[in-house]
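Colleague: The residues making up each chain are set out below.
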Amino acid sequence: MSEKTNSVRHDYLRHDKKFPHVWCPGCGNGIVLGSLIRAIDKLGLGKDELVLASGIGCSGRMPVYVDFNTLHTTHGRALTFATGIKLAKPALTVITVMGDGDATAIGGNHFIHAARRNIDLTAIIINNQIYGMTGGQYSPTTPYGSFASTAAWGNIEHAFPIAELAVTAGASFVARGTVYHAAMLDGLLARGIAKKGFSVIEVMSNCHTQYGRRNQMNDPVTMMRHFKEKAVSVDRAAKMSAEEMNDRFTIGVLADVDKPNYMEEYQKIRERAQQH
Amino acid sequence: MSEKNGQRRLLQGNEAIVEGALAAGCRFFAGYPITPASEIAEMMSLRLPALNGTFIQMEDEIAGMGAIIGASLAGVKSLTATSGPGFSLMQENLGFACAAEVPCVVVNVMRVGPSTGLSTSPAQGDVMQARWGTHGDHPVIVLAVSTVVDCFATTVQAFNLAEKYRVPVIVLSDEIVAHTRETVVLPDPADIMVIDRIHPGVPPEWYIPYEDNSRGVPAMAAMGSGYRHHVTGLIHDVRGFPTERPEEVDAFIRRLFRKITNGFAEIQITRSVMMEDAEIAVIAYGAVSRSALRAVRLARSRGIRAGLLQLITLFPFPRKAVEGVLRQCRRVLVPEMNMGQMIREVKRVNLATEIVRHNRVDGQFITPAEIYDHLLSM
Ligand SMILES: Cc1ncc(C[n+]2csc(CCOP(=O)(O)OP(=O)(O)O)c2C)c(N)n1
Ligand code: SF4
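Protein chains in written order, with our numbering: chain C, 1 to 276; chain S, 1001 to 1378.
Just so you know, these hints were derived from the structure itself, not from any lab. Note that this is a predicted model, so its numbers are computed, not measured. Among these hints, one or two may not hold up.
[What the hints assert, rightly or not] In the DMTMM-like style, the derived pairs of lysine to aspartate or glutamate whose C-alpha atoms are separated by at most 20 Å in a straight line are:
id, chain 1, residue 1, chain 2, residue 2
1, C, Lys-42, C, Asp-11
2, C, Lys-268, S, Glu-1042
3, C, Lys-47, S, Glu-1205
4, C, Lys-195, C, Glu-265
With the hints as constraints, model all of the structure from the sequences given.
Modeller: So, in structure tokens, the structure goes:
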């Protein structure tokens, strides 16, 4: 890691918070945090105007480490708190970070409705395909047939494709990246944060401790290699058959559309009401 | 309230709650429709835009509660309103507001439960839920409204207490109060006392977000005001960071309680009517206290020395006022539209006084005649 990158990170980390962090060595959450900091630095956003809100889970611990306005909410509800913050103070840039269980199981309803409303928020979903914090129970993104602490005989449920779900629900900007493609992730996060409207960046990430261990991918490196092999760029995927895409997933930008966001629309309502 | 400056209006209880909230400076509402509370959301959606406020209809009550906490953290006074089923859904985030000390007001217009119950009939079944609905030890302020005028004044008080003590305040109304229309005189805005949370008086680098002080209520900085800090539902140290150190955990929980205990004199609001020489008393709250007042007047007209103690604050339980009544009176009647929830608190005061229950759970209002008859028989 170059010296420059390190110093950028240190500019944004909290110094009054006693490290070490709570994550397992090699956990993908750290890579996402680094990427997020680089994206914010690139956009030149001030710490005071930034809010980072999370739900509950390993991913949910991220805000405590960064020197922004930070909020650690309840399991699955980060987007509801973020909605209140953004509407009350539209000048703030509000980013949420959630786990796959957090965002699409207990928080699934909030997720699709935030996308539908097109509120100007950025939702980073760290998809490690498992409930990390509570000990490896299967989540709505655990692949069919894989193993979890509550799927000792193999998972018989089918996984949500989170990014595609966000596109259907109406998000303005949707992208998928992985912790292996870190440089690409910096760019996707920066675009998502800069976008007016609801942005979703799904990040395929390694939980070798709870997912990998039960699915023949015991360590971070094996999981990284897995992401490298299974990720297909959106452009390349367009030329591939469904069969070829079978156990692969797309990375890149899945949607980038311009449509009125909630706050712009609400401002018009205010003006109408005030003229009345 | 000066009649000459005031504004004479015909309002239903739900509308008066909206007027009270707006007068107290509420500029954010998030909620989900439910009978008999929906008019509050409807009125807010109509009124807030012109005041530069924000209304949003969320996907459920969990989200409504989350959104008002978010708005309050961003510095805007916020309200949600619901009824039993929605109030149940709000409990987890309500606990977050207790733990992170986020001022906000939650109105629960009670209807008959459990479950979907009777959606258009009044009840007082959610009293203990309001006190203990969210998990864990936590202090909370619960107020009850009995008339349309009350709806206005008590909602203003609810916001003031929420801001002053950094707690969620729950206002319990019921279907009768919500839908009764009465002529009320709304005070001139200049005559209304409005309290706002205290912002830090120190520069950001000195700000310790959860630092104890004599009141036990830390100063609160809004997000985006330059005082960056961490807010969490985990037990936290004075800097807001998660802690498991026993001495820090203990200090945190005890401060949450102490800040309310310190304010008892101001928070515990009751109203005594004809209590000076009373030998027999009714202790009531919400719409039932209205029937009780009538019954007491009737009893007085027949020469019975009856009095009323109306509880406006249900929690923290106004023990001092109740104790006074129990010392003074031979017998006390506690009428409630539930199987007996506040009567347990009254009995816990534990004096020799005879405390008599009067319960109604058929979705019908307790009438003045019922209370009067019961008083006569005591
Ligand atoms: C209402 C509620 N139910 C359950 C839990 C327990 N819980 C904590 S984290 C978690 C799942 C975390 O998984 P995920 O959201 O995928 O995040 P990760 O830990 O993998 O980052 C659960 C079920 C909780 N905190 N709150
Ligand atoms: S359990 Fe998994 S998600 Fe949680 S810190 Fe460890 S590797 Fe990361």
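Colleague: Run every hint past the structure and note whether it holds.
Modeller: Here is how each hint holds up against the structure:
1. C/Lys-42 with C/Asp-11: Satisfied, since the Cα-Cα distance of roughly 13 Å is no more than 20 Å.
2. C/Lys-268 with S/Glu-1042: holds (19 Å)
3. C/Lys-47 with S/Glu-1205: Holds, because 14 Å separates the two Cα atoms, which is no more than 20 Å.
4. C/Lys-195 with C/Glu-265: Roughly 16 Å separates the two Cα atoms, so the pair holds.
Checked against the numbered hints given earlier, this structure breaks none of them.
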